[in-house]
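Just so you know, we're using numbering that gives the first Met the number 0 here: the sequence shown kicks off at 0 and counts up by one.
Hints were generated in silico from the structure; no laboratory data involved.
Errors might be hidden in some of the hints.
Below, simulated BS3-like cross-link-like pairs (lysine-lysine); rule was C-alpha separation at most 30 Å, straight line [unchecked claim]:
1) Lys490 x Lys124
2) Lys459 x Lys158
3) Lys212 x Lys365
4) Lys158 x Lys64
5) Lys64 x Lys85
6) Lys64 x Lys490
7) Lys290 x Lys245
8) Lys775 x Lys853
9) Lys64 x Lys89
10) Lys508 x Lys490
11) Lys290 x Lys197
12) Lys64 x Lys83
13) Lys508 x Lys124
14) Lys90 x Lys64
15) Lys158 x Lys212
16) Lys124 x Lys459
Restraint ranges, calculated between C-beta atoms of paired labels, are given here [said to hold, decoys possible]:
17) Met155 x Phe487: 25 to 33 Å
18) Glu162 x Ala63: 48 to 56 Å
19) Ile222 x Asn442: 39 to 47 Å
Think of the CB as a built atom: it goes at the ideal place given N, C-alpha and C, for glycine as much as any other residue.
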Amino acid sequence: MEDIMIEQWNPSSSYEQYWEACAPIYCTYSQIAHTKNFVGVLVALVSVISTLTVVLRIGINLLAKFVINLFKRTPKRQNEVKPKLKDRLKKMFLTIIMQASSAMIDLNIFPLWRFGSNTDRMTAKRLGQWSTRLYIVLFITSLTIIIIYIGVQPQMLTKSINEPSLNVYNRVLRDHSDTLQCPCSSISSTYSQFIEIKPVFHEVCSSIFVSDKWRTNLTNGLISDLSIYDTHDYRRFLSAHLQFLKGLCQSSIQSINDSINQFLSSSLVTTNIITETILNSQVNVLIDESKSNALVIFARLLFFLQSANHGNRLVSGYGTNFIFGGSDSIAHGIWFRSYAVEVLYDNQCSCILNRTCTIQATFINKNLSEIITINGLKMGCTPSESFLRSTLECFYNYSCINIIQTQTNSSYEMNTPPLITGASRFPINTTVNDLVNDLFVENWSIAVNYSLYFDQCSPKLCSYTYIQKLNSFYTVTSVLSISGGLMFILKWISPILVRLLVVINRYRKKRTNVVQCENNISMTTITIVDIMPRQRNIQPETINLQSESNDLPPPTHYGSFLLCFHKLICWIILIFVVLFMIILSFLTIIPNEKNQAVISVVWVKIASDSVIGDENCAGIGYNTSITLSSCESACLAMASCTAIDFNPATGQCTYRQCTPYPPNYRSQSGWEVWAIPTSLVWVKIASDSVIGNANCVEVAYSPSTTMNFCESSCLFLTHCTAIDFNPATEQCKYRYCTTYPPKYQSQRGWEVWAIERAISTITNSSSSSCQLTFEKVYVYNNVYHIDDTLNGAIAVSDLNNDGLWDILIPLFHANSPRIAILFGNGNGSFIRSTMTDTGCGYPAAYVVVADINKDVQMDIVTACIRYEGRLGILLGDGDETFRETTSYSTGRASSPIWLDTGDFNGDGNLDIVASLSGILGDRSVGVLLGDGNGFFEGCKQYSAGQNSPPMSLVVGDFDNDRLLDIAIGKLNEPRIIVLRGYGNGSFGPPIANEQESIIFSSWIGAADINNDGYLDIIVTNIGLSNVAVLLGKGDGTFRPTMTFSTGYFSAPRSAAIEDFNGDGMLDIAVLNGAVWNVGVLLGYGNGTFGLPMTFSFPFGMSLLTMAAADFNRDGRMDIAVAIQSSTISLCILINTCECCEREFFNMSRITHQ
0 MEDIMIEQWN
10 PSSSYEQYWE
20 ACAPIYCTYS
30 QIAHTKNFVG
40 VLVALVSVIS
50 TLTVVLRIGI
60 NLLAKFVINL
70 FKRTPKRQNE
80 VKPKLKDRLK
90 KMFLTIIMQA
100 SSAMIDLNIF
110 PLWRFGSNTD
120 RMTAKRLGQW
130 STRLYIVLFI
140 TSLTIIIIYI
150 GVQPQMLTKS
160 INEPSLNVYN
170 RVLRDHSDTL
180 QCPCSSISST
190 YSQFIEIKPV
200 FHEVCSSIFV
210 SDKWRTNLTN
220 GLISDLSIYD
230 THDYRRFLSA
240 HLQFLKGLCQ
250 SSIQSINDSI
260 NQFLSSSLVT
270 TNIITETILN
280 SQVNVLIDES
290 KSNALVIFAR
300 LLFFLQSANH
310 GNRLVSGYGT
320 NFIFGGSDSI
330 AHGIWFRSYA
340 VEVLYDNQCS
350 CILNRTCTIQ
360 ATFINKNLSE
370 IITINGLKMG
380 CTPSESFLRS
390 TLECFYNYSC
400 INIIQTQTNS
410 SYEMNTPPLI
420 TGASRFPINT
430 TVNDLVNDLF
440 VENWSIAVNY
450 SLYFDQCSPK
460 LCSYTYIQKL
470 NSFYTVTSVL
480 SISGGLMFIL
490 KWISPILVRL
500 LVVINRYRKK
510 RTNVVQCENN
520 ISMTTITIVD
530 IMPRQRNIQP
540 ETINLQSESN
550 DLPPPTHYGS
560 FLLCFHKLIC
570 WIILIFVVLF
580 MIILSFLTII
590 PNEKNQAVIS
600 VVWVKIASDS
610 VIGDENCAGI
620 GYNTSITLSS
630 CESACLAMAS
640 CTAIDFNPAT
650 GQCTYRQCTP
660 YPPNYRSQSG
670 WEVWAIPTSL
680 VWVKIASDSV
690 IGNANCVEVA
700 YSPSTTMNFC
710 ESSCLFLTHC
720 TAIDFNPATE
730 QCKYRYCTTY
740 PPKYQSQRGW
750 EVWAIERAIS
760 TITNSSSSSC
770 QLTFEKVYVY
780 NNVYHIDDTL
790 NGAIAVSDLN
800 NDGLWDILIP
810 LFHANSPRIA
820 ILFGNGNGSF
830 IRSTMTDTGC
840 GYPAAYVVVA
850 DINKDVQMDI
860 VTACIRYEGR
870 LGILLGDGDE
880 TFRETTSYST
890 GRASSPIWLD
900 TGDFNGDGNL
910 DIVASLSGIL
920 GDRSVGVLLG
930 DGNGFFEGCK
940 QYSAGQNSPP
950 MSLVVGDFDN
960 DRLLDIAIGK
970 LNEPRIIVLR
980 GYGNGSFGPP
990 IANEQESIIF
1000 SSWIGAADIN
1010 NDGYLDIIVT
1020 NIGLSNVAVL
1030 LGKGDGTFRP
1040 TMTFSTGYFS
1050 APRSAAIEDF
1060 NGDGMLDIAV
1070 LNGAVWNVGV
1080 LLGYGNGTFG
1090 LPMTFSFPFG
1100 MSLLTMAAAD
1110 FNRDGRMDIA
1120 VAIQSSTISL
1130 CILINTCECC
1140 EREFFNMSRI
1150 THQ
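Working from the sequences, and respecting the hints, build out all of it.
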């Protein structure tokens, strides 16, 4: 058993298969390289040289003149006042401005040959001046636009840090947390290298009370044969209690240490260093999970031992739960019988029915007729069960400890003090069971050393990206590199534009009849003086205008041409200014529009640790060192982009065009997949993975079904946001994820699907507009006790014909079995109660109400548990009284434990069916056919299959042949048995429906919950803490079981099927005995149910059974719960949901539960 029966482990791994499963789309690596190659450097150098040449050609001349004039010496004249330096500078500045203005007016940077050889010198010079002005305007305008564009355009820069220290890393992380990435040189680190966990246990586990020395000294003074002592003498329990305390402490400490060691020996695998905050968060989650696992494992083991001991009815060697009784015998070996008699404790609690029966621990001194009680300690059916319900109050008190030592004749002297009051977070009256539920842990000391983790990761290179705006150096260098090419283009295009405008103007003049005014001013010659610094001799040049008449217009025509040309240049400048404003607007408005587009589109993260495969999603772009928002904006700008692969660590982004939607994914660590949902579609968000329970609760399970069925079922579940689906086995798990997208765990063969609406579902599902609410009203108390090992014990019906619901509760007390009847008042309370006999002289474990004799008055049928089973019939008169009872035998050693009624032979009279269980191995059901007058034929038994006996049953037409069948839930078998009715009062052989998800059918019911016209079966599964739903096919068979959780270790005992929220769809209310609450699972009309809404009762109450009806006539279904504590009580959960009213309830379904 220590090796869990394993001979050897044969691990096998294949890297090739891992590579195929990983299926990387592409690989990347980093290297240090120059930003520009030789050609790029050459082009940039030529551009800068050309720009500097032009700038220096213009600026050097002006600078030289300025310097010469600044230091030029002029001869002094007598009596001449030397001007001040300020005045000289001012005069020089004005002179330079005038000269620059004159130079700009006459500036011509184009040679004469640019305007053709047939153009005279004067015309070429004038055209060159206009070309120069156009060139300057275009150059300044273009250069301004380029400067603004480059200045506004943000630059993304990357900076690397070699072998950063922790301080450097924290400083960079503080400023650049979004883009910082530091690959670890060692990607795997065990948690033990930087985490220390120390649990602090309750002081009792380290005290003298768990030592063998103290226990031995106490028990040495006792008589070795403990049977000498009275059965209620604590001396019988003392040694066992101390040994059990020691064992609980040791087992708890061992479980905790094993869980801690298992966690610390596991490894943290990450390619990039994670921040301290994220590390602490991850560690806390993992530690909480380890704590929970330790508690669950220990609780399961303890629960298994308790159930095995009680279920097998093991006789304690201390004689505390059973004692052997007498025997019956007949001569000559006819038969012989011996049996064990249960021991009774407080309130006549029987060990055969309840393993938790206890009484106050006492020392009994028969000689002195003295009974001494011990504070906090209990005795009961078994030492383990009684100690779990004890407290450690005695170990806090010297006097109590002295009593124990005195009564055990111990001479041991305690040198250590008792337990210290106030030193524990647990009150001194905390039961041992509650301490065990926390594994005796007071608190946890957890220390995470981030510096050690940083050293383990040991990043060799960290890099981060940042956006820089208005970088002056970058702007200047970029403008200089562009201006050279710009000047070359403008020098080439400006003369061509001017000549083209002149040709257009001449052509227009020729086509237009122009009337010119006469000029009275006689002008025959124009003397042009070319004032150039380089010419020493100034010679006038006389030009005869008449001789140039073929090339130039008359003076007035030429002036008109210049005026038009001025206007044209103004229009060109205006157009360039408007273009500049439009471009500037686009530079500032377009980014904002993109941002608004990203906000209006709902991006859904549809996978983690995955990238899209190229087989159906082509890569249409790639980028790196950018943010997710930039990826989204860029994808929106692409007409064909529908999804994105994004790596948060490296900032890499791949844009995708997916032909089918949703796309498929391949596993790759560190990547995320984002997409734009086009409609309400299902998205496969992972392959070879299942959703982990860390943030996704499993709300249902359905094997052997199609994906379409899974999708449609999940859409009806308000709590369902995702699905695990196995295409090979067609298994389906429905999930409710509190975060979106959910997390995944690797498991081959499974797919994870989610619905795009999950984002809004998660936000709104928890705040439904119609929430069920109940108000608890306690209406009944009695000293009798109910059989808490069987379910379905109470019934609801109208027994006095007042139209109000009444309740029947079977009770027993010593040898006085009774049935309590509570008559309803119509407002949720009960006006009075009465007692009646069970009809068979024994306690009734089950009761149903029906009209047995067809007198329109409700009658009572009871199932009585005894060696010779009997059924009791109480015929009602409708006036709260019943006739003399009649009983019928179900056979020797065949006790009936469950009842139902129906017309099995088609004669119009109600018959009775009972599940039978006995010590002789009966595995059958008994059928009693009625004659319509209140009398029945003898019990005829039909096999319910082998192995375990039948537990619960329900009657219905499961094969849709209009004949009643019987469905049976077995005691400890994973199957449902169906007996098909023949319509003549007999039934066919048992047909087993194997159901692996059912262990213990504590309750069974039938209803059409998916509205397909076929009866379905609902089973409460006490062994696995869920409700199993078997949807009927109409032929006596059922679809694969769907299970819906009722809560961890809830152990549902009983249920009721009604519409509690008034939406027209059946819901299920379950009685969770192990966690003291009632849970309501709301139905969605398709056979599936949501998460349970629980309504709790005080700790320690034993919830036995339940029934549902509208007890206060407000149109809403209420719930009645039978409770056992020190007495029997009945609590009514009044439905106070304001939005759950209905005009009509189908009352025929709740005549009995």
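Violations among the numbered hints, reported as their numbers in ascending order: Numbers 4, 8, 15, 16, in rising order.
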